[in-house]
Amino acid sequence: DAKTTQPNSMESNEEEPVHLPCNHSTISGTDYIHWYRQLPSQGPEYVIHGLTSNVNNRMASLAIAEDRKSSTLILHRATLRDAAVYYCILEDSNYQLIWGAGTKLIIKP
Amino acid sequence: EPEVTQTPSHQVTQMGQEVILHCVPISNHLYFYWYRQILGQKVEFLVSFYNNEISEKSEIFDDQFSVERPDGSNFTLKIRSTKLEDSAMYFCASSEAARTYTGELFFGEGSRLTVL
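If you read the protein sequences in the order shown, they are chains A and B.
Quick note, the working numbering runs 252 ahead of the 1-based positions in the first sequence.
Quick note, the working numbering runs 2 ahead of the 1-based positions in the second sequence.
It is possible that some hints are incorrect.
[As the list claims (entries may be wrong)] Using 25 Å as the maximum straight-line C-alpha spacing, the simulated SDA-like pairs for lysine to any residue come out as follows: (1) K356(A) / R114(B); (2) K85(B) / V117(B); (3) K44(B) / N275(A).
No wet-lab data here; the hints were simulated from the structure.
Note that the structure is predicted; figures quoted are calculated from it, not measured.
Given these sequences and hints, build the entire structure.
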């Protein structure tokens with residue numbers, strides 16, 4: 253199964269952009285890249301997903317490397333509410349999401 | 003905004019007892035899932051359910067576990083004889099689409115199970 257590697261934690265200042273990296277060097281050609289986040293004491297929340305092209309939505313942008321071995325989740329202007337664990341996830345061969353340990357994002361006021 | 007609701011929020015049980023966790027998925031969703039998260043660890047897939055049958059299950063989902071959709075709205079996870087290692091947060095999720103790459107999963111807030 254494809255796996256992802258993320259930093260354990262990152263810090264950012266409020267109102268500034270945040271770039272959360274993810275390595276997935278064993279990704280296969282049909283694996284989608286998903287990002288979810290988990291705020292404290294809450295269930296996971298969908299952020300964004302993509303296959304090859306960069307993606308934008310109201311929450312974030314997803315930049316996918318040309319070789320697809322890495323991707324970056326971009327929060328354009330972090331707020332205190334964005335403090336969460338961010339998971340970069342690939343699907344396994346049975347189309348289920350395989351979660352890594354995630355990156356704990358700390359936002360400093 | 004529609005949401006997935008789970009009950010109870012916290013259940014404490016004795017080892018060996020049966021536990022049923024309840025979920026009400028979003029009403030127009032057709033695909034249902036259970037995940038669990040042991041404290042401080044990764045989120046782990048347990049089972050997916052569609053058209054009144056299990057579509058996929060992980061190695062964790064052994065004979066002690068079962069799922070059911072007893073009526074048009076509820077989706078339950080039963081653990082027949084709980085073990086200490088079943089202590090975890092259990093998340094229910096639902097989605098409109100069959101494949102996770104075509105649609106997002108909507109998660110509930112979880113049911114914390116503590117086995118003593």
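_Hints the structure fails to honour_ = none
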